Amino acid sequence: MRKYFEKLAQIDRRIIYLILFLTVLLPYLFKISLPMKPLPEVVQAYKEIDQLPPGSVVMISIDYDAASMPEVQPMLYAILRHCFSKNLKVVMLGHWPLGIPLGVTALNEVAKEYHKKYGVDYVFLGFRPGLAAVIINMGKEIRSVFAEDYWGTPLDSLPMMRNVHTYDDIAVIVGLEAGSVGDAWVQYAQARYNAKIILGGTAVVAPDWYPYLQSHQIVGLIGGLRGAADYENLVHHKALAYYGMTPQAAVHILIVIFIILGNLGYIALRRRK
Amino acid sequence: MAQVFWTWVAAFLTLAIFSFLYKDNPFYKFAEHIYVGSSAAFWLVYLWYFDIKPKLIDAWRMNTGLEKYILIIPAILSVFILLRFIRPIAWISRWAIAFTVGMAAGLGITANLQGFLVPQIQATFLPVWVPSHNFWHSLGLSVNNWILVIGTVVTIFYFYFSKEHKGTLGALSRAGIVFIMIAFGASFGYTVMARISLLIGRVYFLIHNWLHIV
Amino acid sequence: MRREVPIAITFFTGVLLVVAFFIPHEPFGSLEQRFNDWYIIVSGFAMILGLDSLLLHHWNKVSRRSQDWFHSLSLILAFFITLFWGFYSGIHTGNFLSAQSTFRKYFYLYVFVPLQATMFSLLAFFIASAAYRAFRADRFEATLLLFSAGIVMLGRVPMGNQVAPWIIGFVLLLFAFLLYSDGRKEVDSLRRALKFGGAILSLLLIYPLAWFFLKYTAATAGWIMNIPQLAAKRGIFIGIALGGIAMSLRIILGIEKTYLR
Numbered sequence: 001m002r003k004y005f006e007k008l009a010q011i012d013r014r015i016i017y018l019i020l021f022l023t024v025l026l027p028y029l030f031k032i033s034l035p036m037k038p039l040p041e042v043v044q045a046y047k048e049i050d051q052l053p054p055g056s057v058v059m060i061s062i063d064y065d066a067a068s069m070p071e072v073q074p075m076l077y078a079i080l081r082h083c084f085s086k087n088l089k090v091v092m093l094g095h096w097p098l099g100i101p102l103g104v105t106a107l108n109e110v111a112k113e114y115h116k117k118y119g120v121d122y123v124f125l126g127f128r129p130g131l132a133a134v135i136i137n138m139g140k141e142i143r144s145v146f147a148e149d150y151w152g153t154p155l156d157s158l159p160m161m162r163n164v165h166t167y168d169d170i171a172v173i174v175g176l177e178a179g180s181v182g183d184a185w186v187q188y189a190q191a192r193y194n195a196k197i198i199l200g201g202t203a204v205v206a207p208d209w210y211p212y213l214q215s216h217q218i219v220g221l222i223g224g225l226r227g228a229a230d231y232e233n234l235v236h237h238k239a240l241a242y243y244g245m246t247p248q249a250a251v252h253i254l255i256v257i258f259i260i261l262g263n264l265g266y267i268a269l270r271r272r273k
Numbered sequence: 001m002a003q004v005f006w007t008w009v010a011a012f013l014t015l016a017i018f019s020f021l022y023k024d025n026p027f028y029k030f031a032e033h034i035y036v037g038s039s040a041a042f043w044l045v046y047l048w049y050f051d052i053k054p055k056l057i058d059a060w061r062m063n064t065g066l067e068k069y070i071l072i073i074p075a076i077l078s079v080f081i082l083l084r085f086i087r088p089i090a091w092i093s094r095w096a097i098a099f100t101v102g103m104a105a106g107l108g109i110t111a112n113l114q115g116f117l118v119p120q121i122q123a124t125f126l127p128v129w130v131p132s133h134n135f136w137h138s139l140g141l142s143v144n145n146w147i148l149v150i151g152t153v154v155t156i157f158y159f160y161f162s163k164e165h166k167g168t169l170g171a172l173s174r175a176g177i178v179f180i181m182i183a184f185g186a187s188f189g190y191t192v193m194a195r196i197s198l199l200i201g202r203v204y205f206l207i208h209n210w211l212h213i214v
Numbered sequence: 001m002r003r004e005v006p007i008a009i010t011f012f013t014g015v016l017l018v019v020a021f022f023i024p025h026e027p028f029g030s031l032e033q034r035f036n037d038w039y040i041i042v043s044g045f046a047m048i049l050g051l052d053s054l055l056l057h058h059w060n061k062v063s064r065r066s067q068d069w070f071h072s073l074s075l076i077l078a079f080f081i082t083l084f085w086g087f088y089s090g091i092h093t094g095n096f097l098s099a100q101s102t103f104r105k106y107f108y109l110y111v112f113v114p115l116q117a118t119m120f121s122l123l124a125f126f127i128a129s130a131a132y133r134a135f136r137a138d139r140f141e142a143t144l145l146l147f148s149a150g151i152v153m154l155g156r157v158p159m160g161n162q163v164a165p166w167i168i169g170f171v172l173l174l175f176a177f178l179l180y181s182d183g184r185k186e187v188d189s190l191r192r193a194l195k196f197g198g199a200i201l202s203l204l205l206i207y208p209l210a211w212f213f214l215k216y217t218a219a220t221a222g223w224i225m226n227i228p229q230l231a232a233k234r235g236i237f238i239g240i241a242l243g244g245i246a247m248s249l250r251i252i253l254g255i256e257k258t259y260l261r
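Residue numbers (my numbering), protein chains in the order written: chain A, 1 to 273; chain B, 1 to 214; chain C, 1 to 261.
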């Protein structure tokens, strides 16, 4: 028995890697999907967007890149589908330059799906360096930061932007985050200009936003693949995140078992000493 | 056809990086160096398309009078930053860096004060008793409020280093560590969740986009 | 000149922003806006600092034919290919990330994205291996951390409620076994009785705890995130915010000068 535990403690890391890989792969191959009830903080975000009157402007900020794409990109798709299906208008920009193309790819794709017209239903502003300065100056006049959109068209030539000047003209800002940009949205746009903010992002940064949620500095929180899956569920368009939750669940169980087994081996060895 | 070719390129690069899990090897090294090299170039492309072109060149063309000529100041500061690349006069770049540091410091004070401290402290003043339709529900909500307030306060005490953690302060900071460990555990659980999701994304790419199994 | 001017610039800029915040009227309001605009322009250039040393480092490796020089060469090639492709697509289609741009269609989506995404997905393997090898519940704090992590991990995924009771049950059974086998070796009768008692208590706890987690694992995870986790994070961030303000003041007043190095 003890020998067995000692062997267990010295198992090659590559075997662990293989087990992990198979645990992710198998649920996909057998197409298992499991039901979930959406988390209240995601429902709150969903409701905030859902109750907006048609024609309201939603600003979406791409503050992540390919390193966190599997978690955050599904959120973007789900939120875009929600906005376009409710006839809301979308202004997109971003603070993480390497992720900007992910944003524009999703925007073009979903807009096409819903037959939306550029400049009338959605606009892509692009990126400017200087995070805090960008957020503050947009609160005074968006044109002072983005005189023209991403394609070089002056903002006043775009019908939907004619009456959009500051955060007062934007119903809600959705920050999709993989780092600390979300804090900047809250600490500048919300604190100075009273903008309404929903944060969605990787599971690494999401726990840090619960204090903002409780203090009502944000009006919704979508965290990690689970959050994305919940949102997909709410907009009735189950996709990558939702089906990803089965391997996710399998691996979480595996990791808990790993922790217990690792400790078992450790206890066995320590007791012998 | 092009799509198929590029999907194979992507699959090759994905597997090249995964090969590191077996052991360090030339394929991994190759992929890693390509990643570093191309991401460095990205910044230059972005600098042109999202900064120099719209904010300096287009702005210079579109504006007149003071608004036009005042652009010379940030242009000079930007050139100063680049002087860092030229050793003998690299010190001039400090002027521009001093400007960015001053900006960051000034903005940081207001953000922390107005954007964090005031609203967060305000939100910690919670009712001691939450009235509700039944007693047990009220009790539950109220106890949560107490835990939240006590947890916040004892955590702050844990990070108070100006006095030795003995006596009352010691007890408070020991209570603080309980909350901190629960929070770190939760963050750790969420971090696991995030990392696994990234792997799920890559596995899905391999079996869906590349191999078309699912 | 080399030290005084930068300190003066930092002081002036920092003070102006703080004053503009408290007195948002003219001329401070528009000055702040203008400074922000300049900051947007200048900070873009700060993004590329370090580029020279990266390229120089690898160029030296190539020219000296030192170990792995081939990889350094591929780094430099990747740099220039990305650069030229990006600008070429930009000139060709008007914008380097436009729908027709081959740079976005092929290079970004099929070279850059897989590289970056896979690089970070390696962390999944490392964290799994660490879970097995490094996370030891050997002290109270560590046990608490792992317990909270376990509940959150199981509570945030489907099936968590169904699986948690089995895991809790197994751990308690194991705990009972360990206490029992320890107790058998104990010579002191009081300590032996205590350990046997602990073993029996562990066994008795299996049913109620398994029942609790069958019903409330997900709810407990939600509670951890919204109450104790939130409280500790708030405490920590209040500390960080105070530290940030102190640091900003030190920089503005010229006490902290490390950025001048």
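Hints should not be assumed to be uniformly reliable.
[To be verified] Calculated lysine-lysine pairs in the BS3-like style (CA-CA distance at most 25 Å, straight line):
| # | chain 1 | residue 1 | chain 2 | residue 2 |
| --- | --- | --- | --- | --- |
| 1 | A | K238 | A | K86 |
| 2 | A | K140 | A | K196 |
| 3 | A | K112 | C | K215 |
| 4 | B | K23 | A | K7 |
| 5 | A | K112 | A | K238 |
| 6 | C | K105 | A | K37 |
| 7 | A | K3 | A | K47 |
| 8 | B | K23 | C | K105 |
| 9 | B | K23 | A | K140 |
| 10 | C | K185 | A | K3 |
| 11 | C | K257 | A | K117 |
| 12 | C | K105 | B | K53 |
| 13 | A | K140 | B | K29 |
| 14 | C | K61 | B | K29 |
| 15 | A | K116 | C | K105 |
If you are wondering where the hints come from, they were derived from the structure by calculation, not from laboratory data.
The model shown is predicted, which means the values in this text are computed figures rather than measured ones.
For each hint, the structure was consulted:
no.	hint	result
1	A:K238 <-> A:K86	18 Å, holds
2	A:K140 <-> A:K196	16 Å, holds
3	A:K112 <-> C:K215	44 Å, violated
4	B:K23 <-> A:K7	22 Å, holds
5	A:K112 <-> A:K238	19 Å, holds
6	C:K105 <-> A:K37	37 Å, violated
7	A:K3 <-> A:K47	57 Å, violated
8	B:K23 <-> C:K105	32 Å, violated
9	B:K23 <-> A:K140	54 Å, violated
10	C:K185 <-> A:K3	20 Å, holds
11	C:K257 <-> A:K117	52 Å, violated
12	C:K105 <-> B:K53	23 Å, holds
13	A:K140 <-> B:K29	48 Å, violated
14	C:K61 <-> B:K29	15 Å, holds
15	A:K116 <-> C:K105	22 Å, holds
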